[in-house]
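Chemist: Chains as they are written, first to last, in my numbering: chain A, 1 to 402; chain B, 1 to 81.
Take the hints with a grain of salt, since some may be wrong.
Heads up, incomplete: computed chain A residues facing chain B, CB under 8 Å, no partners named [to be verified]:
{"id": "1", "residue": "C56"}
{"id": "2", "residue": "P64"}
{"id": "3", "residue": "G67"}
{"id": "4", "residue": "E93"}
{"id": "5", "residue": "M107"}
{"id": "6", "residue": "Y142"}
Calculated from the structure, these hints are not laboratory results.
Computed from a predicted structure; not experimentally measured.
Each residue gets a CB set at the ideal place from its N, CA and C atoms; glycine is no exception.
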Amino acid sequence: MAAASRAAESGVRVGIVDDNTSLGGQIWREGSQDHPNENAVGWTKRLQASGVTTLCGLRIFDQPEKGVLLADAMTDLFELNYKNLVLATGARERFLPFPGWTLPNVMGAGGLQAMVKCGLPVRGKRVVVAGTGPLLLAVAAYLSKRGAEILMICEQASWSSLARFGWSLLGSPGKLKQALHLKNDLHGIPFFANSWPLATHGQRHLETVTISRSGKTETIPCDYLACGFHLVPNSELPLSLGCQTQAGCVVVGDFQETTVSGVFCAGEPTGIGGVESSLVEGQIAGLSAAGRTAEAKQLFGERKKARRFVHLLEQTFQLRPELSKLSSPETLICRCEDVPYSRLRPHGSWREAKLHTRCGMGPCQGRVCGPATHFLFGWNPDSVRPPVFPARVGNLARPSNT
Amino acid sequence: MSDQLSVTVNGLPVTVAPGTTVAVAVVIARQACRISVNREPRGPLCAMGICFECRVAINGQPHQRSCQILCQQGMEIRTNE
């Protein structure tokens, strides 16, 4: 939104595409009872005033030739022509397998929050929040305000990592303020570091979760498990366009340009850093794509400060090795094709495993099992081929004269 | 309440507020969105259109990512199709 606004304000013709029903990605996704986020309101107004064409509910799946993107809406095909492209595809949660993680009502941390934003009632429901990252606290606070009983928050990082993180926040008054608000909202909720889920149990849906807490094991009856291990970039579309990545993040230069000329990238795909980083990078990308390099340069200082948070998050919320040992031989790693740990373990690479077991060939195309197998086995998916998302056959076979 | 919507999930009537996604309607109806290859019940995981666990048939159209689709009055939702 920031990129589109700045580009349009510079006088170029701009279109913005979001696969959700409204703009703002996951972070500004609003529930009907939510107070509108200040930033979201501000940028929405700015976007509307700047004359950007908005296309929601569209999912880009292919670039058949340079400058042409194809997008799937529920039944329609859209062809989008561009001169410059800004990719702000965001991030998704990292899921790690453990026995019982496939039971209904085990969701991501952001996943359960999104469901509640979209109408899921949680008043009086018992929720355990687990995994890693600042998202756990934001989710627990949000759910608690909507009447959920948060039984505990289980963070896998150590107390010393978290303490160092806390100290580092002292240098950013904005972040410190956020942290203090959260502390207020989380009053009375048990928080444990050195803690992670071992297994869940239930017949047709989640009934209990077993947690490891500083070496002790505890089984807790609950209604929902909100479990996510920080975020990974949605780098599939950039990769399919030929953009270079490093350690999973899209490589960009000072002006947010990727290794493909005319294609820019901003926000989480360049490194998980949260909303401040995304907003300033988005502005730089939008201005650069519109040729306003001098104005873009003015934001470099702000971006440098914001990017420090990227590094801090990476360091603090690194995954501990114990998390790679949670699976039993029967634990499913690929949820789409029901491939268990025991069938994947003998293989030496993502490609080999895919060809022998179908892991990664299902609808999610490795978006869930890719980061999991990368952590468990050190595998890297080899390449991204279109369609980047499952698409209707009718749309794939578009007539060549469209 | 006049501003509520009625949909059906596998024939069961469900009343939801406007702005509710189809995935949420399925969970409220205590149904699993789909049955996996090994016959396990599955529900939404990511709720943001990535994992495809929430796919259901809406008004006869299969493989809809229900976590990104808003309920409309009279929608017929069928799971495991």
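Chemist: Against this structure, judge whether each hint is valid.
Modeler: Against the structure, the hints:
no., hint, verdict
1, C56, "violated (10 Å)"
2, P64, "violated (23 Å)"
3, G67, "violated (26 Å)"
4, E93, "holds (6 Å)"
5, M107, "holds (6 Å)"
6, Y142, "violated (13 Å)"
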